[in-house]
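Chains as they are written, first to last, in numbering that gives the first Met the number 0: chain A, 0 to 426; chain B, 0 to 159.
Calculated directly from the structure, the hints in this document are not laboratory data.
Since the structure is predicted, the reported quantities are computational estimates derived from the model, not experimental observations.
Beta carbons: idealized from backbone N, C-alpha and C, even for Gly.
Any given hint might turn out to be false.
A few chain A residues facing chain B, derived, Cβ under 8 angstroms [what the hints assert, rightly or not]:
no.	residue
1	Y259
2	A312
3	R313
Which bits of chain A does chain B cover? Going by a derived footprint, with three or more residues having C-beta under 8 angstroms, they are [claimed, not checked]:
no.	stretch
4	18-24
5	57-68
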Amino acid sequence: MTDLPDRQFGFRTRALHAGARPEPETGARAVPIFQTSSYVFEDPESAAAYFNLQEYGNTYSRIMNPTVAAFEERIANLEGGVGGVAFASGLAAQSATFFTLLSPGDHVVASRALYGGSITQLKHLFKKLSVELTFVDPDDPDEWDSATTEQTRLFFGETIGNPGGNVMDIERIAAVAHRHSIPLVMDNTFATPYLCRPIEWGADIVVHSATKFLGGHGTSIGGVVIDSGDFDWSNGKFAVIAEPSDAYHGLAFHETFGMYGFLMKLRSETLRDLGGCMSPFNAFLFLQGIETLPLRMDRHVSNALGIATWLDARSDVVSVSHPALHYRENAALLEKYLPNGAGAVFCFELEGGRSAGQNFIRKVQLFSHLANVGDAKSLIIHPASTTHRQLNNDELQAAGIAPGTIRLSIGIEDIDDLQWDLEQAFA
Amino acid sequence: MPKTIKYQDPATIQRVLRTSRSVAVVGLSANTLRASHFVGYYAQRHGYRIIPVNPREEEVLGQPCFNSLSDVGDAVDVVNVFRDPSAVPALAREAVAIGAKALWLQFGVISDEGAAIAADAGLDVVMDRCLKIEHARYMGRMHWLGLNTEVVTARRRIRR
Chain A
0 MTDLPDRQFG FRTRALHAGA RPEPETGARA VPIFQTSSYV FEDPESAAAY FNLQEYGNTY
60 SRIMNPTVAA FEERIANLEG GVGGVAFASG LAAQSATFFT LLSPGDHVVA SRALYGGSIT
120 QLKHLFKKLS VELTFVDPDD PDEWDSATTE QTRLFFGETI GNPGGNVMDI ERIAAVAHRH
180 SIPLVMDNTF ATPYLCRPIE WGADIVVHSA TKFLGGHGTS IGGVVIDSGD FDWSNGKFAV
240 IAEPSDAYHG LAFHETFGMY GFLMKLRSET LRDLGGCMSP FNAFLFLQGI ETLPLRMDRH
300 VSNALGIATW LDARSDVVSV SHPALHYREN AALLEKYLPN GAGAVFCFEL EGGRSAGQNF
360 IRKVQLFSHL ANVGDAKSLI IHPASTTHRQ LNNDELQAAG IAPGTIRLSI GIEDIDDLQW
420 DLEQAFA
Chain B
0 MPKTIKYQDP ATIQRVLRTS RSVAVVGLSA NTLRASHFVG YYAQRHGYRI IPVNPREEEV
60 LGQPCFNSLS DVGDAVDVVN VFRDPSAVPA LAREAVAIGA KALWLQFGVI SDEGAAIAAD
120 AGLDVVMDRC LKIEHARYMG RMHWLGLNTE VVTARRRIRR
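Sequences are here, hints too, so could you generate the full structure?
Shown next, in the form of structure tokens:
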């Protein structure tokens, strides 16, 4: 067998190929859907080696599956991480990350401009886990710093806030986290690794809802956690990773697996115990989606910028939250973190409040009224009565949402048709 | 991501893994939970002859332990080191003296001096890399656990 070439392939090439070597047994070129719950062991010694993590081997599809693994490796490769673990949803990926890193009495500092589901998850899940939480302004690194205590164990934010459009200064906030010897966890769902790779700016862990742009076709629910492999879990603050684990016959994950310590713990303990695994069929659909991620994202971001600019010029629109407009005064931030475009999800506020928002949604013909983003098809929703319904008025305001706010997820249709649809809804 | 430094050449790594048969593991622990034991167990399972070098053990992985590399006697292809970096220059000189073909320093075992001693004598040198992970990356099943092998290829792997 010849050696593999030492070449750094480009993003588009890796979006197609990473994680998807031809299947050796059959030669199948597409990644096969390994629709199996379990795997026959060669012999008792092999079975023991797999369960002891002494050998890379498949045991049970709650913990690993070859189709899911191809998806995990592809995203890890595109994000520049050392590996990934997939979950049944983006929120499952997040909760598993928190569950792995946090213990009762710990504290978390998080952006207050998160996806409503994440705000709810943090507020209520952490209460049940006896973890303290402080929300801070994502745009102000000093607030992150001053909110940090001896008990703080991680920072959590979104590359592009949902739906307010805040763009985090990842490098500065990662530096604050590292000064306190804690990791920065970034939700990179809205940017995707095509637009921004947080690990390159110092983030330690990246989480995704793959349901959105990665899958791209609104077919499947899934999530994934990527680790940079750079964080020192043996710095004294993360006994949960560094000390011998009761849940795995005394294994010290960081010492034994080094840069894979967090991921091995996440998979062989948290995924094993919480059980929120991704189905192989969903992984296959995500892999199909990611093949065209660069092509789709180019169209998503150009359509979104075109629609946002057009809305911004209208006298019956109060404001538009697209990052390119929101950060008009700070173009350097976008140029730094999002040089290929600032995503395709943004809000605009109608005059006339809640009823104006609801009337607008009744009139659209082409935009689909549903609670998702990142589909190839354009989507519309009224956050105050749906995705952010559990938030009180103060929280709504903090997340940049007014009663008349409409959230759009701009698809890859002809932009003239999208403009036509919105125009007739204004009438 | 691992930082690319000297002595991490993919072609060298693959050549060492493919052409070597015997691996002297310096600092191989009998404790099955230690990283050295994971690596030794894995390499033995994949057909390498493991020669434990550890004065504090009698036998590891069913093989008799030697006090030092010089005591081994048999041919050693790879000297695989799990020791403090300060021990590496002396080990490198021993590796050269016994005619080893490669010096492989595990994660964190970083010694430019030791690496240079071996390289100057014509040995292949790999540093701050794990033998198990590199084997699993190029020849094994690391991709089954969602780890980033960084391998991108449309060629079908031939099973042997």
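Consistency of the hints with the structure:
no.	hint	in the structure
1	Y259	holds (6 angstroms)
2	A312	violated (43 angstroms)
3	R313	violated (45 angstroms)
4	18-24	holds (count 5)
5	57-68	holds (count 5)
Of the hints listed earlier, those the structure fails to meet are numbers 2 and 3, in rising order.
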